[in-house]
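Take the sequences, apply the hints, and build the full model.
Going down the list, the sequences are from chains A and B.
The numbering of the first sequence is the working numbering, which starts it at -3 and goes up by one.
The numbering of the second sequence is the working numbering, which starts it at -3 and goes up by one.
Among the hints, erroneous ones may be present.
Which copy is meant is left open, because identical chains are indistinguishable; a pair holds if it fits in one copy or across any two.
What the hints assert, rightly or not - With a cut-off of at most 30 Å between alpha-carbon atoms, the simulated BS3-like pairs for lysine-lysine come out as follows:
(1) Lys270 to Lys118
(2) Lys185 to Lys67
(3) Lys212 to Lys71
(4) Lys185 to Lys170
(5) Lys255 to Lys67
(6) Lys270 to Lys255
Note that these hints are calculated values from the structure, not bench results.
2 protein chains.
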Amino acid sequence: MRSVAIVSALLLAGCASTTPGVATAPTAPVGPVETPKPPARLQYLYGSPEAAVAVRATNARIADYGAWRIKQRPKDSVVLAPGATMDAPAFEPCGDKPFAAVFDADETLIWNLGPMRYFAEKGTPFDVKVWDQWEKTGAGKALAMPGSVEMVTRLRAAGIAVIANTNRSAANAKGSEDTLRAAGLGEFKHGETLFLMGDDAGGSSKDDRRATIASKYCVILMAGDQLGDFSQQFNARDLPAARRMALATSAAANALWDKGWFLFPNPVYGPWEKLGWDDVFPAASNWTPE
Amino acid sequence: MRSVAIVSALLLAGCASTTPGVATAPTAPVGPVETPKPPARLQYLYGSPEAAVAVRATNARIADYGAWRIKQRPKDSVVLAPGATMDAPAFEPCGDKPFAAVFDADETLIWNLGPMRYFAEKGTPFDVKVWDQWEKTGAGKALAMPGSVEMVTRLRAAGIAVIANTNRSAANAKGSEDTLRAAGLGEFKHGETLFLMGDDAGGSSKDDRRATIASKYCVILMAGDQLGDFSQQFNARDLPAARRMALATSAAANALWDKGWFLFPNPVYGPWEKLGWDDVFPAASNWTPE
Chain A
-3 MRSVAIVSAL LLAGCASTTP GVATAPTAPV GPVETPKPPA RLQYLYGSPE
47 AAVAVRATNA RIADYGAWRI KQRPKDSVVL APGATMDAPA FEPCGDKPFA
97 AVFDADETLI WNLGPMRYFA EKGTPFDVKV WDQWEKTGAG KALAMPGSVE
147 MVTRLRAAGI AVIANTNRSA ANAKGSEDTL RAAGLGEFKH GETLFLMGDD
197 AGGSSKDDRR ATIASKYCVI LMAGDQLGDF SQQFNARDLP AARRMALATS
247 AAANALWDKG WFLFPNPVYG PWEKLGWDDV FPAASNWTPE
Chain B
-3 MRSVAIVSAL LLAGCASTTP GVATAPTAPV GPVETPKPPA RLQYLYGSPE
47 AAVAVRATNA RIADYGAWRI KQRPKDSVVL APGATMDAPA FEPCGDKPFA
97 AVFDADETLI WNLGPMRYFA EKGTPFDVKV WDQWEKTGAG KALAMPGSVE
147 MVTRLRAAGI AVIANTNRSA ANAKGSEDTL RAAGLGEFKH GETLFLMGDD
197 AGGSSKDDRR ATIASKYCVI LMAGDQLGDF SQQFNARDLP AARRMALATS
247 AAANALWDKG WFLFPNPVYG PWEKLGWDDV FPAASNWTPE
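Given below as structure tokens:
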């Protein structure tokens, strides 16, 4: 358990309210401090029509792309071959393998509203023990994201296997199968259409699991909310922020975004939480009022 | 100037750190409280490759759509006719008017890094006086968003007028023209390709300005980071959150998203900041660990 001081620091790193191009200042929260509003990034992702529109449109693009892509009988999966990087991309071959679409689960197929509200109301950081319980008991409390039920239904109707590759624990396989089913997303079966952390020696890297899937399927598309859902190269230890940005927006990566690789918005959590002031705001853009 | 108590409440509404599907807890901020990291929503939008990828892909979709759409000589603009709503959509006719694409400016064409860092470092909410100075003096300090220079260049090369309709003030027209030009986005001229708050009696509603633009142009696409960039109906006073969500994700709206209406992610500011706990987290998804 972190100290109150660190929790306070996290909160202080929080949320000045900012509203450009609007003539009036935003409404300050009313009511006691004991019942503040949810953190802004949670308000946006889980509550706003703005995020719902973005998520639903991404799901529509995925379903449209899948239906279109299989007509072409692609030569390669969109899974990078072992050792291939964005600097020298190469892909697993399709052969005559059946088609599959590979998805992360959390904040890609489902929204984890239960523990997100719990953590936010308590003002506590992420807690692995609470999360472990969530994996075991969350069925019925996680919601399918906007448009994701329609999306997986369309893919399956087109004959495309829908596979999840998530860093939920293999020890909690049944809980995650139940959670996805209860959200209306259909059947995922561990080892066949559900791949979990602990399935191999790769730890939180999904690369080995992707290779396993691509050995059996022609993976026509992948979707996730984190860059690690596409390649572990984006999570390389000590990768400088500028290099990570360059890799993710390279010509080779840009040729894949929306064309086999589909990224969902997630301003709630991610490795960008490490970025400092000068990573986020280049010195050349610094400005102060008179 | 708001009291320290209210600023504290805003900060407390902030940011519990949450990282599902990861085996280790996130790194707590180190160093003195005086130099915390930027607020998470700013880290994500302005600093992360994840957001850069999403923005760049949106810009690519806009440019692709524009080039494709004008070949069809559309019958109607994507600007709703006066009085039309998502329940009964009707659009301004194109006739043989020249083609245009209409954009919001802030967090749609440019990132306002200067005042965003200033507000965040100070821990202060949005300040209209500071923003007014920014409109006047920000040229060279606002950055074009990822892919937006390429996008406007492609649209103009296809013969499509690029028009901005923003709630920056008409009194600061020169500052905004200079800001867009300095960001590499080319020429915007007040009254011709730049429409500002104060141009008519509509205040912060962009509907009348959209009607003015659609009287002269066949508007093949609109793009923005707020629902008010498409229709003021989404900003109707006292519109319940559930109704706003239903309008934005209605069949009529879904037929437009990515097909004439393009929404950029913006978890930094928006009307969703008013949402309360039960708006964001439906009671049926409440969960607590044992």
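Hint by hint, here is what the structure shows:
1. Lys270 to Lys118: both (22 Å within a copy, 20 Å between copies)
2. Lys185 to Lys67: within (27 Å within a copy, 47 Å between copies)
3. Lys212 to Lys71: within (14 Å within a copy, 48 Å between copies)
4. Lys185 to Lys170: within (9 Å within a copy, 61 Å between copies)
5. Lys255 to Lys67: Both: 14 Å inside a chain and 23 Å across chains, each within 30 Å.
6. Lys270 to Lys255: within (29 Å within a copy, 36 Å between copies)
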